[in-house]
Structures are given as structure tokens and as C-alpha cells.
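K.L.:
Protein sequence lines, in the order shown, are assigned to chains A and B.
Those letters in the first sequence? Residues 1 to 117, per my numbering, in order.
Those letters in the second sequence? Residues 1 to 111, per my numbering, in order.
These aren't lab readings, by the way, just hints derived from the structure by calculation.
Do not take every clue at face value.
Claimed, not checked - Below, a list of computed lysine-lysine pairs in the DSBU-like style, where the Cα atoms sit at most 30 Å apart:
1) A:Lys55 <-> A:Lys66
2) A:Lys20 <-> B:Lys103
3) B:Lys103 <-> A:Lys41
4) A:Lys20 <-> A:Lys41
5) A:Lys41 <-> B:Lys69
6) A:Lys55 <-> B:Lys3
7) B:Lys103 <-> B:Lys52
Here the structure is a predicted model, which is why all the values come from computation and not from measurement.
Read off the chains here:
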Amino acid sequence: GAVVSQHPSRVICKSGTSVKIECRSLDFQATTMFWYRQFPKKSLMLMATSNEGSKATYEQGVEKDKFLINHASLTLSTLTVTSAHPEDSSFYICSAGTSGSFYNEQFFGPGTRLTVL
Amino acid sequence: DAKTTQPPSMDCAEGRAANLPCNHSTISGNEYVYWYRQIHSQGPQYIIHGLKNNETNEMASLIITEDRKSSTLILPHATLRDTAVYYCIVRVAGGADGLTFGKGTHLIIQP
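Bound conformation, chain A alone:
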């Protein structure tokens, strides 16, 4: 399957700072990328959908001004958690979809563990 990477894999930051997480599709062009977060012992929850060159679409309850998403190219999307607080501590996972496949399978990155002190 296609490979999706995330960077960093783990980050610890102080409350009030901003953190940027990168998601890259390594061997295919991703017209759509998705951002999920997962709290301990919970399922993944979709946060937003980003399409290359356009504004992201956020799920209900997700603050667009707090979670800034940029999808500047077909291989890179970034999620910036602004003014992070301890309740933002979570496992953030991206996935990338390819419109070239009829099934539009999604391939997931390895995740980024964010801890806000």
C-alpha cells in the first residue's frame, strides 16, 4: 500500500505554545488528506478534511481557528495546534486518499503523540 509519514512522531510542549504537525504522502499524490485525533482508550475521531489548494472542512465541534490546516501541495498537509492547552494532548493521525483509485482507499500515517504540559 501507499506510504504516509508524519513528523514529529512525538512532541511535548508548554501550554500556550503552537505546534505544527506534518503529514506527507511519500509515493503518491493525495488530493485529499484527513486529520483525526484519538484520546486514550477511544476511537479515532475525524477532525477535518483538507483538499489541496482549498480551505479545510472542519467537523462539528472542532475549532478552525485553533486547529489550522494547510494543504499546499499534493504531498503535504500540515496541522498547527495554536495556543495548545493540556486538553489538546492527544494522538493526532492523518490519512491521505487518492482520487486515482475507484475505492478511494485511505492510507494512514503513524500518528503524532502531543503532550501539552
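Here the structure of chain A is known, so what remains is to put chain B in place on it, guided by the hints.
P.N.:
Chain B only, in chain A's frame:
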């Protein structure tokens, strides 16, 4: 997307076949059944998908009932590395929406 129901947990002995059930009684005619798994602290991994015919790949087999209201994922020879949470998801093929994950089944392979 249709809702799915899975048992919260299952045990299976190493080397035996693991059979994971999923109910999706409200599935629509154009919705496929997808299976993903998530090993602890990793991103989900695609396993297999199907519409109405049984499917097999190098990882698993997918058996879908004739009425399509339920399916079973089969790992033919489970290993310790197959311990993970398995998610059954139904969705329209080619859909541009993100995936809706339920609670999944925590499969524990016992040595």
C-alpha cells in the same frame, strides 16, 4: 455511512484462525465493507474490503453474508503481532469523506 456493531473484545490462540464478526444490517446497496486494524500507538492499517463477494488477500479473508447484513474477517493463522483493535466500516466506494470509526474489536492473541 451505515452503522456497524462489533464485539468489544475477543481472544484467540496463536496459530489458530481468528474470526471477527461485524453486523451492518442497515448497509446500502452501494456501500462496501472495509476492515482496518490499529496496533497500539500506531495509525490504522487497511486490511481488506468487499461489496458482496468473498474476498481474500495476503492478510485476511472477508466473508459477507448473502443479505450483506453481516460479515466476518478471518485471520487464518493468527500471530502475536495480530493483537490490535479491528474496525469494520461501511462506506460508499470512491467517497470523499473521512472514515467513521466505531469502537472496534480488541483482538488479543494468546501465546
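K.L.:
Against this structure, judge whether each hint is valid.
P.N.:
Against the structure, the hints come out as follows:
Distance hint between Lys55 of chain A and Lys66 of chain A is fulfilled; the C-alpha atoms sit about 14 Å from each other, no more than 30 Å. Restraint check for Lys20 of chain A and Lys103 of chain B: satisfied, since their Cα atoms lie roughly 28 Å apart, inside the 30 Å limit. Proposed proximity of Lys103 of chain B and Lys41 of chain A is supported: the alpha carbons are some 9 Å apart, at most 30 Å. Using a Cα cut-off of 30 Å, the hinted pair Lys20 of chain A and Lys41 of chain A holds, with the two alpha carbons roughly 24 Å apart.
At roughly 28 Å between alpha-carbon atoms, Lys41 of chain A and Lys69 of chain B fall within 30 Å of each other, so this suggested pair holds. Pair hint Lys55 of chain A plus Lys3 of chain B holds up; C-alpha atoms about 29 Å apart against a cutoff of 30 Å. Between Lys103 of chain B and Lys52 of chain B, the direct Cα distance comes to roughly 24 Å. Compliance with the 30 Å bound is thereby established for this hinted pair.
The structure agrees with every numbered hint stated previously.
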